[in-house]
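Asks: Following the hints, position chain B against chain A.
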Amino acid sequence: MEDSNSQISEKKNPAAKLRGVGDSLWVTIDAARSTEELKEELDTLFRKLDHLAKGARVIIDSGIRGENDKLVELLGQFLKENYQVGSVSLPPDNISNSEIRLRQRDLDRSWYQHSSDVLMLTGRVRSGQKINARKHLLLMGDVNPGGEVIAGGDILILGNLLGTAWAGQRGNTESIILALDFKPTQIQIAGYVAAGTSESSGKYLEFAHVENGTIIVEDYIEANPFGRLPWPKVR
Amino acid sequence: MEGKIIVITSGKGGVGKTTATASIGAALALEGKKVAVVDMDIGLRNLDVVMGLENRIVFNIVDAVNGKCQTQQAAIKDRKIDNLFLIPASQSDNKNVITPAAMKKFCVLLRKEFDFVLLDCPAGIEQGFENSVIGADQAIVICTPEVSSVRDADRVIGLLYAKSVQPKLLVNRIVPEMVERGDMLSHEDVVDVLSIDLIGLVPMDESVIVSTNTGAHLIQNNKSKAGQAFRRVALRLNGNADLPIEVPQAKKGFWKKIGFGLSRNK
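For the protein sequence lines, the chains are A and B, in the order given. Each position in the first sequence, counted from 1, maps to that position plus 769 in my numbering. Each position in the second sequence, counted from 1, maps to that position plus 615 in my numbering.
Here chain A stands alone, though its shape is the one from the complex (with noise of 0.2 Å):
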């Protein structure tokens, strides 16, 4: 992995990269070069901001942290001897390390492994009949007026949601209902009831969340709700 990953950016990515993050200038360096390499990259870096780096902050980000506190070291040391930048810092630490290992999996596609708690279903699901899911619920078809869909976690529906739907059967707050034509005679989430409308807008597509304590439904194209996660993770 590592090796496939470096030679990636041998081909394309420039070994230091530089932005402006704030009131400092954030340096991301590819810890994989040799230093030689490195310090030559900076060069040409700093060289262009000329008088800019002077008592500047530098950051210097070499991916994971702890593991090339040496080099970052030794490049802050030529950086402050060259260009006379005022301090020379690690990235802050608010990303902890696991959340670093877990960002790292993910990015490794090591998603080949993970094997999924969905219950996917096709089909129809009618008056009478109940579908009950350990954990999420993906059914590619219809919950019938009286049918049943009941999942330990979150429930879509690629069709129409008529019936009853209860998600979140373990106290999960966090599950959604999601449905194509989102018609519920009656939905809950981890205990929280709401009585279903038999109108739906017909033009979004619509989902239901709990917040505050109460049943939400909303436009899932305009709320959004998982948009804002920084990568992929698993539900």
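Bear in mind the hints are in silico, worked out from the structure with no lab data behind them. Take the hints with a grain of salt, since some may be wrong.
Pairs of lysine-lysine residues, derived as BS3-like cross-links and limited to a Cα-Cα distance of at most 27 Å, are as follows [unchecked claim]:
{"#": "1", "chain 1": "B", "residue 1": "692", "chain 2": "A", "residue 2": "899"}
{"#": "2", "chain 1": "A", "residue 1": "899", "chain 2": "B", "residue 2": "778"}
{"#": "3", "chain 1": "A", "residue 1": "786", "chain 2": "A", "residue 2": "839"}
{"#": "4", "chain 1": "A", "residue 1": "839", "chain 2": "A", "residue 2": "849"}
Here are the in silico distance ranges between beta carbons for each label pair [stated by the list, open to error]:
{"#": "5", "chain 1": "A", "residue 1": "1004", "chain 2": "B", "residue 2": "824", "range": "55 to 65 Å"}
{"#": "6", "chain 1": "B", "residue 1": "862", "chain 2": "A", "residue 2": "891", "range": "26 to 36 Å"}
{"#": "7", "chain 1": "A", "residue 1": "892", "chain 2": "B", "residue 2": "682", "range": "41 to 51 Å"}
{"#": "8", "chain 1": "B", "residue 1": "715", "chain 2": "A", "residue 2": "892", "range": "26 to 36 Å"}
{"#": "9", "chain 1": "A", "residue 1": "950", "chain 2": "B", "residue 2": "629", "range": "50 to 60 Å"}
{"#": "10", "chain 1": "B", "residue 1": "862", "chain 2": "A", "residue 2": "993", "range": "36 to 46 Å"}
{"#": "11", "chain 1": "B", "residue 1": "810", "chain 2": "A", "residue 2": "1004", "range": "53 to 63 Å"}
Partner residues aside, some chain A positions facing chain B, computed with beta carbon under 10 Å [stated by the list, open to error]:
{"#": "12", "residue": "893"}
{"#": "13", "residue": "897"}
{"#": "14", "residue": "901"}
{"#": "15", "residue": "911"}
{"#": "16", "residue": "914"}
{"#": "17", "residue": "915"}
{"#": "18", "residue": "916"}
{"#": "19", "residue": "929"}
{"#": "20", "residue": "931"}
Since we're looking at a predicted model, the values are computed, not measured. Don't be surprised by glycine CBs; every beta carbon is placed ideally from N, CA and C.
Replies: Just chain B now, with coordinates in the frame of chain A:
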């Protein structure tokens, strides 16, 4: 001879199962098939009254299933149509006197005797329903354009699939004027939810009540729209599967027609 056993069911009561059974049975018999209509509603028999045969009952289905009489003895010949027979229900027993196993055996006998056997299923999904469905090859689910009826039909369709009986849908009591005004579910709405093949659309018709009360056959009344719709259902069952399904249309008065024509010319 291997006959076909068709159960006529709905889940909900009062949607027209008995009328449909009598009418489709009569129409099939007029096509020259030997037909038996069987009243499965033990304890609440109706089919004999609808067909005007209540005074001829000697043996009933309980006797026939439990071997107290021959199948032919329990089958009452219709007064007007030669090939049509009624096997009546017992009025004094309850539904548990017949077991599904005994009913299955009885269906084998019926299949040998008749071309078509129509079972008039009782409302509900209890023992009476189980008994009716156990030996059936095919089912006709009757549904009226009301949400309660659609809900029950949907449940029944699920149960029929679970018993591997192929259901077909008959939408009964359509009032085209109300559908046009948007006050009644259209047959498309019903089919959307139930999503099974349609076998017929039957309009609301006052002559149904008249013929039920007099014991006359609805399909022999050429003016009855419902009767003719049932007749077409029978033709579809009898091998004419491609016969197009007619959608009941609202009656338009003379002036309305003129107005319509003028407005289209604009």
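Asks: Now look at each hint and say whether the structure bears it out.
Replies: For each hint, the structure was consulted:
1. B:692 x A:899: violated, 45 Å
2. A:899 x B:778: It holds: about 17 Å lies between the C-alpha atoms, which stays within 27 Å.
3. A:786 x A:839: holds, 19 Å
4. A:839 x A:849: holds, 15 Å
5. A:1004 x B:824: 55 to 65 Å: Hint holds: Cβ distance 58 Å, inside 55 to 65 Å.
6. B:862 x A:891: 26 to 36 Å: For residue 862 of chain B and residue 891 of chain A the Cβ distance comes to about 30 Å; the hint holds.
7. A:892 x B:682: 41 to 51 Å: holds, 42 Å
8. B:715 x A:892: 26 to 36 Å: holds, 27 Å
9. A:950 x B:629: 50 to 60 Å: violated, 31 Å
10. B:862 x A:993: 36 to 46 Å: holds, 43 Å
11. B:810 x A:1004: 53 to 63 Å: Distance hint for residue 810 of chain B, residue 1004 of chain A is violated at roughly 31 Å.
12. 893: holds, 6 Å
13. 897: holds, 4 Å
14. 901: violated, 16 Å
15. 911: holds, 8 Å
16. 914: holds, 5 Å
17. 915: It holds, given that the least Cβ distance between residue 915 of chain A and chain B is near 5 Å, below 10 Å.
18. 916: holds, 8 Å
19. 929: holds, 8 Å
20. 931: With a closest approach of 7 Å, the residue 931 of chain A hint holds.
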